[in-house]
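Here the structure of chain A is known, so what remains is to put chain B in place on it, guided by the hints.
Sequences listed follow chains A and B, in order.
Reminder that position 187 of the first sequence reads as 187 in our numbering, one-by-one numbering, no gaps.
Reminder that position 223 of the second sequence reads as 577 in our numbering, one-by-one numbering, no gaps.
Since the hints were made in silico from the structure, they are not lab data.
Heads up, some of the hints might be wrong.
[Stated by the list, open to error] Partial chain B-side listing against chain A, Cβ under 8 Å, derived: (1) T389; (2) V413; (3) P636; (4) K640; (5) P644; (6) S667; (7) I671.
Even glycine gets a Cβ: it sits at the ideal position worked out from N, Cα and C.
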Amino acid sequence: MRLSLTSTLTQIAHSWLDPNYPLRQQALDQAASEFCLSAPSFKLALEWIFSLWTETKINSFIQKNPYQQNRYAAQILACTTPAMIAQGFLQGAILNIPQCLKIPSKQPCFAQLLHQSFAEHSAELAQLFELCTGQDDLSGFYAKLKQADLVFAYGRDETMATLRQQISPQAIFVAHGHVESAAIIFKEAAQEEALLSLAYDMLSYDQRGCLSPRLVLIEEGGERSPAEAARRFAEIILPPLAQQLPRGGLYPGEATEILHQRSVYGFRGPVYCGADWTVCYSEKQDWPQTVLPRFMPILPFDSHQQLIKILAPIKERLISLGCAGPAEKQIFLKQMLINQVVPLGEMQRQVLVF
Amino acid sequence: MPLNTKILNHILHAQGNFNTLALEVFAYQFQHCQTYQAYCRRLNKTPDQVSHWKDIPAVSTEVFREYNLCTLPPETAQYVFQTSGTSQEIKGKHYYHDLTLYQAAIQMSFMKGLGLKPQTRALFRVLTPSFTEVSTSSLYFMFQKVLEWYGEPGSRFYFKNNELDEAQLIQDLQEDATLNRPVILLGTAFSFVNFCDYLQEQQIILKCPPGSRLLETGGLKGRTRTVSRPELYQHFSHLLGLELNHCFSEYGMTELSSQCYSQPNSHHFISPPWMSIQIIDPETGKEVEPGKTGLVQFFDLANLTAVSAVITSDLAIRLDPGFELQGRAPQAIIRGCSTVFEK
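One chain only, chain A, in its complex shape:
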């Protein structure tokens, strides 16, 4: 069974990586806009998502599955990135129990296509999933939620509190509240390479996911000063890539907020703007108040103590750090702060199962 499940999932991934796969084509035509992503960005996202569904990874997840005693699950995927939808399916398949998958009502297309793809490869596997968009009525979903003995939910902390009231007291509730990520470039890093990797982490998913870097911290004493690195990043490295991967649409209020934040950051330091991106250099060491697409503050730091100080206020909700620099510093961060420390450029290539 294990081999069969692994093999089915890798086959599904293989199909999605095939440019001629009809469902992939359909997703590119119809689903990119539901995530506010441009077609090239969505295409890159599909490639990154499914290249992670390898036999080794899947087998490792199956072995680590701590929920083998559970009988019925519910997953609430309140998110706007295709990666989260795909992760929900992967996690659900590994759980290998019947489950209800609540997907955002405004983003049904990719989930439905993925479900269809599961059905094409294994009717038995697809039948485990019952999709619920809750477009018209959520009462059916709530009924199923009460039946679940295992619930995974993603969303704001208040959302988690609301959901907790809806589930059975005996159920295991795995709540993923609001989380964010950041990028760090240590002084020892090959800066040019690091900045290019950073560009990918920033542009893919338009910084809409929780694994996207919300800001970048550059250590003093590297090849270039943090200010100069920010300028180079904005003027030389980012523009050609941004042209290849244009930003998708904006949600209501985002354009206004970007305009205001450009003004606010303009008082702190240089602000570099493209048609659809913003890079700001700021010596004010605070975490951005807003979460905006393709809006990247770059901050300098000069010591580990200062780094810890900058990250400390958001430590509780920091899920991942993308790092460029020596391994020992990354290990230090792992010990001190974060469980997910990955190389820069790989921030979007993580699967967070269980």
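Using the frame of chain A, we list chain B on its own:
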């Protein structure tokens, strides 16, 4: 002639050309407000590079929360007006060392905004605290000055211990009706909403005498509910007995020193001659075509000792002249893994 005198003459006597004065104001603010100067330099827009007021770098209202935008030392300011908000929020501040221009702007526009001659005297009923009670509010300051300058005896504020004294207000309005004494009601939109709710609960219908007027200001999104403007104006007509063409709206903010007033019973605002407006497309940062919607951006000559070019979060349709206010731009919500689960 000192610049503030030139501006005062422009406000009071329409002397001088707006663009010329705006450029002088920009040069003054650039020279004396170091943070603004650094901002303009980063944008490569310095006084010697700008020849039209529309190109002068505008500052977001958000910046007022973080920086003291002031051409004089803030610690020597006579008055500090603060933006409203909860006690946890960082408030924007506007420092005034001299209120001459601010007061001139009120004198030249307030009564006119109510469709009256500038120096008309009237009986005011004000549904807000006075400036004496809340000395950080530019709105309450304006109302207090209006009462000092134009208020007939008996004009007053109806806030006591942070609450509207509905009973006293009703009693006075009933007496005004009996004596056929026209009044001018002033307040925030939501203070009127609450007062109208009270009248409905108590089943009281007032009849303000002919010639009475009302001026409301501020948004309609309350703490407990949101009311539409037509709904509110219907209440003014039905519960207060006011003619709809005697109901006006004021649009101002702490960050600015001048205000705009609406046409009767509408949200079509016209700015005074010393304050110019652009409606800006938030995506491009450029002015929209007439009939299109964008963010309201001001250049207010009376804001001499702060920054005159200010961009707001308010949406409006560009009209000629003026603009039709649409309300606050929606706030960008946290997305990604933090999207709210639809309940």
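Query raised in the report: Tell me, which hint numbers fail for this structure?
Result: Hints 4, 5, 7 not satisfied by this model.
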